[in-house]
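Using the hints provided, position chain B relative to the given structure of chain X.
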Amino acid sequence: MNFYDYFKDKFYQFILTFICYAIILIIFFAFKIDIGIIISTFFILINLFIVSILIDYFRKKKFYDTLLKNIDKLDKSYLVLETISKPNFYEGELLYQALYDINKSMSENVKTIYQQSKEFKEYIELWIHEIKIPLSTLNLINNSHNYDRRIKIQLKRINDYVEQVLYYSRSENASKDYLIRSVDLSTIIRNVGLKSIDDLLENKMNFIVDKVKIKVLTDSKWLEFILEQIINNSIKYKKDNVDSYIKIEVNDEKNKTILTILDNGIGIKESDLKQVMNKSFTGENGRGKSKSTGMGLYIVKNMCEKLSHKIEIESKENEYTKVIITFFKNNYYDVLN
Amino acid sequence: MKKIMIVEDDKIMCDELAKLLSNNNFDPIILHDFSNSLNEILKCLPDLILLDINIPFMNGEMLLKELRKKSNIPVIMLTSSNSEIDEALSISFGADDYISKPFNSNILLLRIGAILRRMEVPVNLITYKDLRINLTKCTLNNNGIEIELTKNEMIVFRYLLNHKNKIVTRDELMTDLWNNNEFINDNALTVNISRLRSKLKSINCNGYIKTRKGMGYILS
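Order-wise, the sequence lines are chains X and B. As numbered in my numbering, residues 1 to 337 make up the first sequence, in order. As numbered in my numbering, residues 1001 to 1220 make up the second sequence, in order.
For the record, the hints were derived by calculation from the structure and aren't laboratory data. In this text, all values refer to a predicted model and were calculated from it rather than measured experimentally. We put the beta carbon where it would ideally sit given N, CA and C, even for glycine. Among the hints, a few may not be true.
[Stated by the list, open to error] In the EDC-like style, the derived pairs of lysine to aspartate or glutamate whose C-alpha atoms are separated by at most 20 Å in a straight line are:
| # | chain 1 | residue 1 | chain 2 | residue 2 |
| --- | --- | --- | --- | --- |
| 1 | X | K156 | X | E125 |
| 2 | X | K204 | B | E1172 |
| 3 | B | K1043 | B | D1027 |
| 4 | X | K152 | B | E1172 |
| 5 | X | K239 | X | E317 |
| 6 | B | K1213 | X | D148 |
| 7 | X | K322 | X | D243 |
| 8 | X | K254 | X | E317 |
| 9 | B | K1166 | B | D1027 |
| 10 | X | K247 | B | D1186 |
| 11 | B | K1011 | X | E130 |
| 12 | X | K156 | B | D1171 |
| 13 | X | K176 | B | D1086 |
| 14 | X | K121 | X | D160 |
[As the list claims (entries may be wrong)] A few chain B positions that, by computed beta-carbon distances, are all more than 12 Å from chain X:
| # | residue |
| --- | --- |
| 15 | G1094 |
| 16 | I1099 |
| 17 | L1116 |
The following block holds chain X by itself, in its conformation from the complex (with noise of 0.2 Å):
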């Protein structure tokens, strides 16, 4: 709040002063008062009108700042409230009460909103695991009864599918629904491994993995499905007529562990690189190839967000992809072991 603003806000009840003055003092000379008393009194009304305006200002001054100061500083400006102490000033009361009023209003709002999704995202949970019944009953059925190979295929992409619906609300949600512990690299990949087998083999893609023993610090469930959405990527995106593979690739280092997948698929163009893993982002791939939702690799990235693992996509159209997780150690946990 700045005197000059609030003097011309003010600026009608200094006109409204100063006319009153003149009629005053017009009325003082035409009484022919002696100059001495007209002089005394309106030394006494001009000062008595600067302190009141003073004393006002102030007042206000020091309510405001501190509302647009701390709306400023919060990073949820709408706790503003709970900052600032009741004002001694009429409009300022009016004021605290509407945005204490609003406050509420839109909290209860903002409850019934969350509670919703909360029990939205409760009810997918449990849909998914009733739907997977049925899907891993077909599935031993099919393997039971006259096996067939292009059943199995597209079960395991009814699943997967499913499995996108369930990490892409355990992902978005606030609730913490991952669990950090030391994982065996190598257990993982064979589990990758062992649920694409079939795509896998399939597509002729050969699948070439380092033989090490490496630990992280990760949720092995949210890792395996990260992963499978880069394989299953790999497998949409082959190259054809070509021996095409997917190389994993892990290296240990000082403070960190990289894991590495290449691919010799089609790749990703530069101009859509950067926007790959973007919400419902589809690339010239995605549009060209087969259709693709763009969700798998938004989700992806949400995931590594959260269990703080660093993911990163190199790509050379027509030659290879290249996506690289970075996982930090922390010796804290060493510690606690």
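Showing chain B alone in chain X's frame:
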């Protein structure tokens, strides 16, 4: 025959699991009375239990916790919940393995086999006909003539041996290899099998591994 108890409330799933197990030379028992599940389990004393988490009356994790107070029958959790927290909890309650639905039936069988083998006294030397197989040294010995097998050949041979006189599909062999971190492709499997055959031939065991066209291989 090993008795395997299925604790699962979905009827069709139970039946299919039972069919899968009995097709693979196990004796499946289905638990019907969930209200008294712990006593039922202790009464039939199975060699292994497949346990679901979402079951009526007492949830699977609690049941496992109670079971562990009385017995150390191996337990594989077979559940549709795919979360690290459930897995960590189950393992801490004493589960031996955790498989989430939907699962690959070959993998389920491999894991069951692995756990049952772990429960037995470890054997390094197996004999099959005149053949003496050393699992730790990866060697085959037929009347004094010894040959070495590579890791992949050994995995393939061991799988055939564990399922002797039964047709083994390429899918099963492949799954077992991948389960042992050997991510080979179709051609490599063909090469491994033909090498294994020629090695067997070199120690006068010609024709042990037969091809059943369109189905797989059989050791007989």
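Against the earlier hints, flag every one the structure doesn't satisfy and list their numbers going up. Hints 8 and 16 are the ones this structure does not satisfy, whereas the remaining hints hold.
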